[in-house]
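> So the chains spell out like this:
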Amino acid sequence: MAIAGNLSNEQAIQAYKNAVIARTLDIKIISAQRQGIIGFHVPAQGQEMIQIAIAMMADNDDLIFAYYRDLALYIQRGVPLSLIFDQMLGNSNDLQKGRQMPDHFSFKEFNFSSVQSPVGSHLPLTVGAAYARRYTKKKGIVITTFGDGATSTSDFHAALHMASVFNLPVLFICENNGWAISVPTSKQTKAEIYKKGTAYGIPGKRVDGNDLIASLAGLQEAFDYVRAGKGPYLVEALTYRMGPHSTSDDPKKYRVDEITDGSENDPIRRLENLMLKMGVIDSSFIQSTKASAKEEVDKMLEERMSIPPPESSSIFDDVYEEPSWIQEEERRDSDGSD
Amino acid sequence: MAIAGNLSNEQAIQAYKNAVIARTLDIKIISAQRQGIIGFHVPAQGQEMIQIAIAMMADNDDLIFAYYRDLALYIQRGVPLSLIFDQMLGNSNDLQKGRQMPDHFSFKEFNFSSVQSPVGSHLPLTVGAAYARRYTKKKGIVITTFGDGATSTSDFHAALHMASVFNLPVLFICENNGWAISVPTSKQTKAEIYKKGTAYGIPGKRVDGNDLIASLAGLQEAFDYVRAGKGPYLVEALTYRMGPHSTSDDPKKYRVDEITDGSENDPIRRLENLMLKMGVIDSSFIQSTKASAKEEVDKMLEERMSIPPPESSSIFDDVYEEPSWIQEEERRDSDGSD
Amino acid sequence: MALINMVQSLNKTLEELMGKDERVIVLGEDVGRDGGVFRVTDNLLNKYGDERVIDTPLNELAIVGMAAGMAMYGLKPIAEVQFQDYIFPAFDQIVNNIAKMRYRTGGRFNVPLILRTPYGGGVRGGLYHSQSGESYFVHTAGLTVVTPSNPFDARGLLVSAYKKNDPVIFLEPKRLYRSIKAEVPDDMFEVDIGKAAKLKEGDDLSIITYGSMVPTVMTTVEKNNVNAEVIDLRTLLPMDVDAIVQAAKKTGRVIVVHEAPRTLGVGAEISALIAERAIDSLLAPILRVTGYDIPFPYTHEELYLPGEKRIMSAVNRVLAY
Amino acid sequence: MALINMVQSLNKTLEELMGKDERVIVLGEDVGRDGGVFRVTDNLLNKYGDERVIDTPLNELAIVGMAAGMAMYGLKPIAEVQFQDYIFPAFDQIVNNIAKMRYRTGGRFNVPLILRTPYGGGVRGGLYHSQSGESYFVHTAGLTVVTPSNPFDARGLLVSAYKKNDPVIFLEPKRLYRSIKAEVPDDMFEVDIGKAAKLKEGDDLSIITYGSMVPTVMTTVEKNNVNAEVIDLRTLLPMDVDAIVQAAKKTGRVIVVHEAPRTLGVGAEISALIAERAIDSLLAPILRVTGYDIPFPYTHEELYLPGEKRIMSAVNRVLAY
Ligand SMILES: Cc1ncc(C[n+]2csc(CCOP(=O)(O)OP(=O)(O)O)c2C)c(N)n1
Ligand SMILES: Cc1ncc(C[n+]2csc(CCOP(=O)(O)OP(=O)(O)O)c2C)c(N)n1
Ligand SMILES: [Mg+2]
Ligand SMILES: [Mg+2]
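Chains as they are written, first to last, in this note's numbering: chain G, 2 to 339; chain B, 2 to 339; chain U, 163 to 483; chain X, 163 to 483.
Be aware that one or more of the hints could be misleading.
Cut-off 30 Å, straight-line C-alpha distance, at most; resulting in silico cross-link-like pairs (DSS-like, lysine-lysine) [stated by the list, open to error]:
id, chain 1, residue 1, chain 2, residue 2
1, X, Lys-182, G, Lys-138
2, B, Lys-139, U, Lys-325
3, X, Lys-326, G, Lys-139
4, U, Lys-412, X, Lys-412
5, B, Lys-196, G, Lys-206
6, X, Lys-209, B, Lys-254
7, B, Lys-191, G, Lys-196
8, G, Lys-254, U, Lys-209
9, G, Lys-188, U, Lys-182
10, G, Lys-140, X, Lys-174
11, X, Lys-412, G, Lys-109
12, G, Lys-188, B, Lys-139
13, B, Lys-188, G, Lys-139
14, B, Lys-140, U, Lys-326
15, G, Lys-140, X, Lys-182
16, U, Lys-174, U, Lys-357
17, X, Lys-325, G, Lys-109
18, B, Lys-254, B, Lys-188
19, X, Lys-209, B, Lys-188
20, B, Lys-231, G, Lys-191
21, U, Lys-209, B, Lys-138
22, B, Lys-254, X, Lys-326
23, B, Lys-191, B, Lys-140
24, G, Lys-140, B, Lys-139
25, B, Lys-196, G, Lys-191
26, G, Lys-196, B, Lys-196
27, U, Lys-174, G, Lys-188
28, G, Lys-196, B, Lys-206
Output of the computed footprint for chain B on chain X, the stretches with three or more beta carbons under 8 Å from beta carbons of chain B [unchecked claim]:
id, stretch
29, 240 to 252
30, 284 to 294
31, 380 to 393
32, 449 to 459
The calculated label-pair distances, taken between Cβ atoms and stated as ranges, are [said to hold, decoys possible]:
id, chain 1, residue 1, chain 2, residue 2, range
33, X, Asp-366, B, Ser-32, 44 to 52 Å
34, U, Lys-182, X, Thr-381, 55 to 63 Å
35, B, Glu-304, U, Asn-327, 43 to 51 Å
36, X, Lys-325, G, Ser-83, 52 to 60 Å
37, B, Ser-293, X, Asn-208, 43 to 51 Å
38, U, Arg-286, G, Gly-6, 42 to 50 Å
39, G, Glu-322, X, Ser-341, 32 to 40 Å
40, U, Tyr-483, G, Arg-333, 15 to 23 Å
Derived from the structure by calculation, the hints contain no laboratory data.
Just so it is clear, CB atoms sit at the ideal spot from N, CA and C, and this is done for glycine as well.
Construct the entire structure; sequences and hints are all you get.
Next up, the structure:
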């Protein structure tokens with residue numbers, strides 16, 4: 002039985018569970034940040050549905066250049082909580098050796114690229130990656146996510162332009178959450194984002210990114226187009242940043258929250274309500290899902306917190322394949338203390 | 002009597018004369034370049050009509066950010082040949098003190114800004130200039146010209162985006178001459194240039210830039226729109242670069258010339274033929290116009306050539322309003338010799 | 163006189179400059195409603211309206227390019243780049259347009275803008291919220307580069323930058339935004355561009371530093387009773403060559419401390435100026451205590467930042483020489 | 163062995179690298195049909211087709227960003243920026259992505275690309291076809307910066323850059339493209355990155371230079387019978403500190419010659435390395451003969467470029483000290 006379109010009940014349940022885990026994780030991280038356990042966080046609350054839809058649509062072979070607010074995307078794609086926490090904590094288990102701020106993931110094994118802070122600057126890389134994969138005849142397309150603010154950057158322009166000129170299989174997905182820190186989308190641009198591809202001959206589509214079914218349906222067309230080798234495609238997913246921009250931000254300065262955790266318009270609640278209505282789940286399932294998510298997340302943070310930080314002298318590694326005399330000398334001089 | 006639309010015979014004759022002067026000047030510069038009198042040149046041959054149309058439509062109050070290939074635009078706007086040659090020669094009369102390569106003009110008195118080499122990088126400046134003029138309640142709009150290649154730059158994106166977001170009176174005019182050095186427009190972009198405004202909510206229009214009448218008619222709508230305060234507008238003028246990209250370029254490497262000086266499809270010839278047909282001019286007028294243009298241009302170069310270069314120590318001026326100790330020390334050390 | 167921190171000092175000065183000169187326009191990401199992510203532009207929107215305090219789209223090239231156009235045509239824009247790490251998309255505008263406009267037009271156009279940006283580490287910001295990129299600007303003739311190390315200089319340098327008819331890169335050490343308070347006069351005053359400040363007299367050696375490292379150096383020498391003179395450059399381009407050369411001549415022992423990476427950091431130029439002009443006075447090597455030649459790490463950032471131990475080790479080496 | 167100029171040497175080496183390694187992709191403005199405005203990529207399109215030799219749209223950010231993406235995913239892109247003056251639109255990609263990718267991913271990604279670009283003056287190119295911007299890159303950890311001064315090194319350094327698994331900024335002194343010929347072996351060979359070359363032995367002083375200034379320095383010392391050792395750095399990041407320190411120790415008199423502006427030019431780092439490591443050997447100030455701290459002028463460019471007179475004046479000052 003399918004809850005809608007091609008979505009089976011099992012898939013819907015899985016998606017729901019992952020959304021709950023993502024939400025629970027997000028809340029946990031914020032409290033860990035307040036306690037000084039984790040340094041920083043950009044909450045993904047409110048954007049889970051489109052992120053889960055992307056992960057559901059993507060093949061394992063597809064390469065994803067995500068951005069810093071994609072927690073649910075990683076979880077749906079199967080990245081274990083342990084690895085996520087290791088990065089957030091910057092501990093010695095972190096695949097990136099504690100080099101980046103929290104939320105700046107790079108899960109190569111799951112065919113993710115590397116998240117960076119400068120907004121939009123991953124986008125030109127997607128073009129080169131897609132070129133390389135086509136040239137080396139690798140399977141899969143390249144998918145990238147970014148915010149509404151990112152569409153203003155020069156990198157966005159450069160990337161769409163090049164992807165179009167070289168007819169590359171890149172699926173650009175804008176998670177338009179209505180805000181770039183304090184700047185609403187209405188002040189960010191006078192054009193509709195999904196139409197911005199027109200400047201490059203790239204088709205576009207807007208989807209309701211807070212609705213799993215609508216997101217999946219909308220993405221289908223985009224994935225089909227790109228997989229067929231017709232070139233890049235631009236999706237604008239309308240969603241909403243439920244919390245502050247980051248743990249350093251105070252949204253009261255500039256807006257009234259329109260969607261809050263657990264309210265009727267909360268995207269997870271919407272999925273929940275749909276599944277309840279269709280009898281796919283019941284309220285005890287919801288309770289147990291939330292409880293077990295909480296237990297899992299709490300336990301995992303507890304566990305990962307005990308992992309020590311990387312060796313301090315490792316900060317001199319990986320500047321180059323082989324450190325130059327400069328890093329070696331500085332490593333010696335630093336002698337592990339400030 | 003009007004030759005077409007609002008174009009009077011006198012205006013048409015004036016435009017024709019200026020086109021001939023621009024062409025004659027361009028040819029003269031190329032030969033001066035070959036003789037080592039002038040260092041470099043980017044010929045404007047083939048693009049005279051759209052440039053003249055822009056100058057005809059612009060008010061004196063309008064501020065123009067031109068690019069390096071706009072010789073006819075300057076002439077139609079009334080910039081004397083003497084000033085043009087002074088810049089091309091980099092002599093002590095050059096308003097810019099010999100600081101820039103030939104064709105990089107800055108005629109402030111004629112409400113021109115300053116031409117630079119990095120393609121497209123004048124475009125973001127137009128937005129600020131338009132903002133400043135609106136804020137200080139100055140009359141006039143801001144007009145800017147650029148090539149098809151420039152539409153690929155990040156500066157183009159930034160400028161159109163900001164002009165739209167702040168609803169600024171900037172008229173963007175792309176002189177699409179078919180080539181960016183060796184790269185044809187078909188490889189430069191997959192979209193039609195006049196539609197690129199869609200990404201910003203900016204209307205666009207394509208005009209035949211090799212036809213004076215069509216250019217004027219097409220520009221009218223654009224000027225009206227911008228002057229009415231409706232925001233920026235994008236015009237794509239189809240034209241053709243008749244010569245090499247510059248005096249350093251050899252177009253034989255990459256193309257066959259499709260329009261040549263004096264051929265039936267040469268834009269000046271087209272205007273000439275129209276005016277002949279309509280009886281506005283006759284062949285003796287053509288001859289005398291060309292002869293007097295040649296005489297004027299030849300004489301003027303002869304005259305300006307005798308002007309000495311700027312004082313050599315002036316290279317240390319104008320880095321700042323007041324030189325810092327660094328420039329002063331370097332000026333002393335340089336002592337006027339290499 | 164009020165006891166205020168650097169954010170307050172900058173905010174107050176911006177507000178007053180806007181009040182006295184209508185040509186002053188503030189623009190940047192989140193500078194309006196939000197008051198800037200560090201609150202330096204707080205309340206300016208309320209007071210002066212959105213024609214003068216502009217929340218821009220997310221494009222630094224556009225912000226800086228637009229500010230440059232404004233400055234060429236009669237305004238006095240004060241643009242903010244949210245973190246110095248994000249200034250690089252505007253680098254072409256800065257190097258090729260802003261720095262060269264007066265020159266290339268033979269002095270007929272100029273670009274009197276101020277480009278403010280918070281720089282430096284110490285806020286657990288990792289690679290992209292911690293960079294000290296002053297060298298990129300100091301190498302660029304046509305720019306003026308200043309950095310205050312305290313609330314007083316912040317106000318004085320901002321007023322001086324405002325009076326300049328050329329572009330000023332105004333680097334704000336974000337670590338010091340709120341960590342120090344100082345008495346700052348209510349009247350406007352200037353801190354001369356191009357003039358260093360001697361923060362402490364001393365005979366045994368000279369420590370030349372600036373911006374974010376000033377309090378670290380001062381605390382270190384005071385705590386350890388080092389008889390050092392301490393110089394705060396305040397302006398990085400043009401540097402106060404006289405102050406630098408005098409310091410070398412006076413003590414013969416010079417240490418430079420900054421947070422930016424060593425290779426071609428500002429310390430290199432200081433060394434070079436001394437090696438050119440005061441070589442005979444030198445009694446010891448010129449040592450540089452600086453950030454490392456690595457990207458700014460997230461974990462162990464305290465290791466990256468020069469601190470007491472590294473400074474004292476250089477002091478002792480130089481004194482023992 | 164063939165007697166060829168630098169353009170021919172680079173072109174031949176590119177062609178061979180493409181021939182032996184399918185991962186090599188050449189991209190940039192006008193690199194295809196036109197063969198590059200300086201003809202360095204001549205004929206590559208004919209030989210290897212437009213999937214491997216890519217005429218790109220006019221956007222350096224896009225070129226460099228695309229090359230970086232290629233490099234991260236298995237290719238070996240060799241991108242061209244038509245003039246170094248036009249590299250700044252790509253500066254953010256270079257500084258924030260390319261230079262920091264290996265670091266930020268804990269070594270799990272790397273960006274093995276080569277970014278070729280012609281630099282320097284002497285071609286009457288004015289402000290925007292003449293810049294020597296090496297400092298902007300040398301200050302950036304994560305990059306490797308090389309510049310050949312002759313056709314032999316051009317080939318050897320290009321092969322070495324090709325073998326590196328990290329990004330290399332390959333600066334080509336355009337003034338020397340066709341002005342010197344040299345015997346260049348037909349077999350591929352490497353010129354070690356990080357190793358300077360001693361071009362001439364000498365006892366009275368050491369002249370450290372690189373790239374476009376090498377022939378000027380050599381001609382000057384030969385013509386004037388200066389008993390100087392001449393060092394061609396060849397690699398600017400990491401610099402050959404041993405060669406630099408040895409030179410200072412050997413002769414005690416050092417001059418640096420480069421075309422880039424003085425303030426925070428590469429000469430500053432050379433001075434600083436010596437002032438740190440060989441201060442006691444110095445018998446004279448370290449002088450810098452460099453381009454001036456002004457934008458590159460069009461008229462009087464010969465005045466801007468260091469030449470015989472300025473070099474000899476420094477030589478004489480240092481020898482007389
Ligand atoms: C180039 C650059 N400029 C500024 C910033 C500071 N900054 C971080 S996130 C952000 C807003 C991004 O908004 P959007 O793209 O809509 O993504 P969202 O955070 O809403 O998911 C800004 C301005 C940055 N990281 N990079
Ligand atoms: C940023 C930048 N990159 C590269 C160049 C080198 N260049 C000079 S003109 C040109 C082509 C410009 O083409 P287009 O914009 O169509 O103008 P046209 O020359 O055809 O009039 C190029 C690539 C440059 N000047 N600036
Ligand atoms: Mg957003
Ligand atoms: Mg063109």
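> Check whether the Cα positions of G:Lys-196 and B:Lys-206 lie no farther apart than 30 Å.
holds, 18 Å
> CA of G:Lys-196 to CA of B:Lys-196, is that 30 Å or under?
Holds, because 11 Å separates the two Cα atoms, which is no more than 30 Å.
> Could you check the hint for me, namely that G:Glu-322 and X:Ser-341 are 32 to 40 Å apart, CB to CB?
At roughly 35 Å between Cβ atoms, X:Ser-341 and G:Glu-322 fall inside 32 to 40 Å, so the hint holds.
> Is the hinted pair B:Lys-196 and G:Lys-206 satisfied, with a Cα-Cα distance of at most 30 Å?
holds, 18 Å
> Does the alpha-carbon distance linking B:Lys-191 and G:Lys-196 stay inside the 30 Å limit?
It holds: about 15 Å lies between the C-alpha atoms, which stays within 30 Å.
> Run the distance test for G:Lys-254 versus U:Lys-209: straight-line Cα separation, threshold 30 Å.
Answer holds: G:Lys-254 to U:Lys-209 is near 15 Å, not above 30 Å.
> Please work out if B:Lys-188 and G:Lys-139 have their alpha carbons no farther apart than 30 Å.
The hint holds at about 25 Å.
> Given the hint that X:Lys-326 pairs with G:Lys-139, test it: the Cα-Cα distance must not exceed 30 Å.
Satisfied, since the Cα-Cα distance of roughly 24 Å is no more than 30 Å.
> Can you take a look at whether the stretch 240 to 252 of chain X is actually covered by chain B? Rule is 3+ residues, C-beta closer than 8 Å.
Per the Cβ count (4), the hint holds.
> Would you say the stretch 380 to 393 of chain X counts as covered by chain B, given the rule of at least 3 residues with C-beta under 8 Å?
violated (count 0)
> According to a criterion of three or more residues whose C-beta lies within less than 8 Å of a C-beta of chain B, is the stretch 284 to 294 of chain X covered?
holds (count 6)
> Under the criterion that the straight-line Cα-Cα distance not exceed 30 Å, is the pair B:Lys-140, U:Lys-326 satisfied?
holds, 27 Å
Checked against the numbered hints given earlier, this structure breaks hints 10, 11, 22, 23, 24, 31, 35, 36; the rest are met.
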